[in-house]
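With the hints as extra help, turn the sequences into a complete structure.
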Amino acid sequence: MSITIADKDTENDLKIVGKNVKRSDALKKVTGTLDYVIDQKMPGMLHGKLLRSEYARAEIIKIDTTEAKAIKGVYDVLTGENLSQPVPRFGSIKEDQPLLADKEVKYHGEPIAIVLAVDEETAKKALKYVKVKYKQLPSVSTIEEALKPNAPIVHSNDQDNEKTNSNICGHWDYNWGDVDLQKENSSFTINNEFEFPMIHHFPIEPYSCISYPVDDELVIKTPIQHPFILRRVVAQALNMELSKVRAISNTIGGGFGGKGYPKIEPLAAYLAMETVRPVKITLSLDEGFFSARRSSAQVNICTGFNSEGFINYQDITIKYLIGAYADSAPRVAGKSSYLACGPYRTPNARINCEAVYSNTVPSTAFRGFGMPQLIWALESQMNEASKIVGLDPVDIRLKNLPEKGDVLIPGDNPVDGDWKQGLRKAAELIGWGKDNEKNKGKGIAIGIKNPIPASVSKSIVRLHADGSVTVSSGTSEMGQGAKTVMGQIAAEELGVPMNRVSVNLGDTSVAPFDTATAGSRSTVSMGRAIKSACDDIKNQIKEIIHELYTLKTSEEMIISDGYVKVHEKVISYAEILTEYMGPNLGEIVGRGVFKGTKINNHPMGGLADFWEIVFTASEVKVEKETGKLNINKLLNVSDVGCVINPLQAEAQEEGAAIMGLGHTLMEQLVYDNNSSKLMNGSALDYRVPTSMDIPDNFESDFIENHDGPGPFGAKGLGESGIIAVAPAVAGAVSEAVGIKMKDLPISAEKVWGLINNKK
Amino acid sequence: MSEFLYHVPNNLDDLFSTIKKHGSSAALLAGGTDLLIHLKVGKIAPQHVIDIKHVKELYEKITFCSNGMTIGALTTLINITKHPDVQKLYPALSESARKVGSKQIRNRGTLVGNICNASPAADTAPALLIYNAEVTIVGMNSRRTIPFESFIKGPGKTDLKEGEIVESLFFPFPPANSTSNFVKLARREGADLTIVGTATLAASNYETRIALCAVAPIPFRACSAEYVLNQGGYNQQNIDKALEKVVHNANPISDLRATKEYRLAMVEVITRKSLENSLKILTN
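Residue numbers (our numbering), protein chains in the order written: chain A, 1 to 759; chain B, 1 to 284.
Keep in mind the hints are simulated off the structure, nothing from the lab.
Be aware that a few hints might be false.
Okay, the calculated bits of chain A under chain B, using three or more residues with CB under 8 Å as the criterion [claimed, not checked]: (1) 404-417; (2) 675-685.
No more than 20 Å apart at the CA atoms, straight line, and that leaves these computed lysine to aspartate or glutamate pairs for EDC-like [to be verified]: (3) B:K161 - B:E189; (4) B:K43 - A:D696; (5) A:K628 - B:E276; (6) A:K124 - B:E3.
Computed far set for chain A versus chain B, every beta-carbon distance over 12 Å [said to hold, decoys possible]: (7) D64; (8) K133; (9) F310; (10) T690.
All of these numbers come straight from a predicted model, not from anything done at the bench.
C-beta: ideal position from N, C-alpha, C; glycine also.
Here's what the structure looks like:
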């Protein structure tokens with residue numbers, strides 16, 4: 001028997017992939033009817049509101065909850081002392097974060113008590129009656145202070161710390177070649193220190209979760225990107241079996257990494273088990289500032305070039321300021337620094353990275369996972385190099401970009417795309433080389449990132465008796481459009497129209513395991529798992545056909561577009577299932593898996609499935625009198641291999657670029673150096689770009705060479721667009737008015753100060 | 001948000017007796033764009049909220065008479081920005097109203113509410129100052145009209161006494177052959193608090209009016225600068241001299257949005273820009 005499974009890998013054959021399929025949640029989003037957790041209620045549900053620390057570091061002397069408890073409608077008021085002892089701690093990397101502050105608070109805004117009441121208003125009211133007596137302790141909120149010899153230590157009792165009695169949470173070294181030797185051989189070197197500020201994710205949907213017990217099981221419904229990590233973290237913190245914890249990722253109104261790892265969920269879960277009632281904890285928009293942020297960074301970069309402008313070596317020292325608890329920050333530091341030399345051929349490298357604790361909001365994953373911080377430094381360095389060596393900024397980059405198949409980092413997967421093609425396209429689209437008007441300049445930069453190495457995605461696809469399809473996947477829908485894209489992949493593979501495919505996402509009791517919805521990996525990893533589940537279905541159909549029709553070896557069977565052609569007959573899936581199992585009975589369950597390449601002792605744990613690369617260009621006009629920047633043009637070209645849904649791909653890139661404009665132009669969490677208190681933790685004081693701030697000319701384009709590891713040759717995207725915005729804009733500003741930026745954001749006042757030589 | 005009783009008086013008599021009854025434990029609600037935020041964050045906790053939107057003597061219309069324009073206590077910012085005659089006759093008012101908050105805020109928020117809030121950074125205040133706007137204040141048995149210039153007393157403080165409300169604002173027609181505009185500097189294009197805001201008026205007879213917000217405890221007229229231009233006309237030397245005086249009149253603070261140093265420098269830049277805009281139109 002010879003079997004043909006139609007080959008879908010050429011663009012022309014595709015019927016659903018590559019098309020602008022409308023988002024499955026579009027109508028609900030625009031009509032405001034999408035079911036977010038914050039709007040959900042359950043019978044008998046208790047509402048929790050958190051009391052947060054007024055100080056950055058203090059000993060809790062006494063918490064008096066008597067008055068608050070006496071208020072009508074208050075069910076209970078709990079502090080760290082009232083929880084099981086020792087206070088349960090949680091964390092995806094280190095289990096270091098107590099459900100409620102344990103005797104000592106470590107950052108301004110840390111939860112120290114929770115009021116449970118019949119409604120949110122009562123809980124809020126009761127908060128005012130909880131009396132806390134603190135003894136203030138010295139604190140640190142900058143890298144410089146945290147690393148001083150006699151600095152206050154954030155985790156003084158932590159045996160896990162890299163060095164005891166220090167604020168260094170962890171350090172990472174990556175070396176290849178011989179940097180010291182090349183220091184003598186380079187014709188010129190550039191040495192700079194760059195800084196990147198703390199940034200808040202600022203999701204428009206505030207944090208809100210509901211947890212409730214069902215018999216001896218526990219359910220947590222929450223906007224979480226990684227339901228399987230949540231399940232593990234809660235099971236560990238509360239000493240439960242994985243099978244007894246069900247994490248449901250409700251639709252997410254903005255994640256960006258800030259809703260990746262557990263925040264309020266372990267506490268809600270604990271309280272649901274204790275009270276045997278549904279418990280909902282909702283934070284205000286402003287409380288988001290006390291929940292998650294991007295690590296700020298200080299990057300010292302020394303680059304050696306030869307006389308022609310080729311990079312000889314990179315010597316990079318990175319210090320990430322992380323918060324008071326680890327969250328996922330150590331992984332951000334360790335993983336991003338691995339790629340600190342960026343997309344360039346770097347024969348010799350010495351990278352040294354430290355993650356430094358401070359008494360500030362815990363930092364965590366944030367779109368780009370550390371790469372925007374490092375690319376800011378690296379690409380600013382390249383801009384300066386181009387001036388010194390007398391090469392055009394595009395040319396010096398072309399010179400140093402590797403070819404497809406070249407080694408990027410020794411021991412990892414080689415370059416998987418035509419990167420020069422991407423750079424040339426971005427240059428062409430921005431009109432590179434044309435003369436600039438007065439006070440106008442153009443800038444270009446390259447961003448790069450790797451997904452989660454050695455990750456696992458599993459999927460179950462069910463072909464029902466009527467020929468309709470259900471896809472179950474552990475991926476979450478956080479606005480990136482996974483629900484639509486995963487449906488498209490299954491529909492294309494099985495030859496079924498989109499409206500006959502249902503997609504269930506992010507429920508650990510329904511979907512099989514998935515590592516995470518992060519790292520721009522889902523289309524590739526989960527996409528592959530779904531494709532392999534569809535292949536499994538097709539193979540089972542093949543066996544059924546074989547059984548039903550007792551095919552002779554010479555006969556041919558074709559599975560294509562939802563039909564099977566056999567004995568010159570065209571049979572639908574529904575007909576096959578009916579004939580095999582009886583009318584309206586049964587289903588075919590396809591199982592699919594993707595597993596990244598795991599390598600023991602590899603610093604990343606495995607190989608990069610693909611390199612997520614972006615070429616960003618901007619044209620900026622500087623208003624010299626005020627220092628204000630007008631971004632006339634901003635564009636991203638990403639090498640994505642194959643676009644599954646053009647509309648969504650563009651939206652992802654544009655959303656990322658706008659976020660990039662945020663940290664480039666206006667965003668920054670400000671801490672008071674003395675008190676370590678957060679000064680601008682509110683929507684009024686912390687400004688993000690609005691629709692009014694989007695450049696007039698704002699574009700996204702893609703390189704599609706069908707050379708990625710994902711279905712149809714796809715690579716990932718979603719983070720790329722944010723990575724290189726800052727250096728592309730700074731490069732343009734430098735061209736326009738000749739100033740050199742070394743820190744962000746590039747505020748009008750800063751530009752004005754540099755133009756007028758004021759600091 | 002603390003609990004309160006919600007009152008909806010439908011005429012001024014009812015309104016004033018409700019205000020009198022509840023005195024300082026009451027807050028007035030018109031557009032509510034500031035009040036609701038203050039209630040929600042617990043900045044204020046009134047026991048009574050008195051909605052003035054249904055008081056029949058108060059109005060949202062914009063009316064013109066032989067010597068000027070009247071804007072009612074209930075006139076929304078959006079209606080001011082949309083009104084073609086306001087755009088033509090009082091461009092600084094129209095432009096500054098467009099700079100207040102977001103469109104959603106302007107749909108609800110009122111001009112009178114904006115000035116009663118008495119923020120040092122109130123975007124509409126410089127326009128009211130350069131047009132010599134008058135504020136009509138009514139109480140249970142009183143009615144008085146004062147210049148807007150003496151209405152704002154300090155950050156968050158106005159000349160209103162307990163039991164009084166602003167009934168309307170009157171804008172005399174600007175001088176013949178004059179033009180005016182408003183320029184705002186902020187951190188972003190979308191809704192934002194102002195770093196420096198300037199309204200200027202220039203006339204062919206050199207009558208000049210300059211007012212600023214966000215660079216002193218209250219919005220103010222730069223009278224000494226105006227005098228320089230009134231007397232000497234619009235040559236470069238005079239403009240420079242006038243701008244020096246404007247900077248001298250400003251007394252900004254350093255905050256998260258900008259330093260004092262930058263604000264002072266921008267007082268000059270933004271005022272120059274506004275004056276130049278006016279002069280460009282005037283000379284055409």
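A quick look at each hint next to the structure:
no. : hint            : verdict
1   : 404-417         : violated (count 0)
2   : 675-685         : holds (count 4)
3   : B:K161 - B:E189 : violated (37 Å)
4   : B:K43 - A:D696  : violated (39 Å)
5   : A:K628 - B:E276 : holds (19 Å)
6   : A:K124 - B:E3   : holds (12 Å)
7   : D64             : holds (20 Å)
8   : K133            : holds (22 Å)
9   : F310            : holds (41 Å)
10  : T690            : violated (3 Å)
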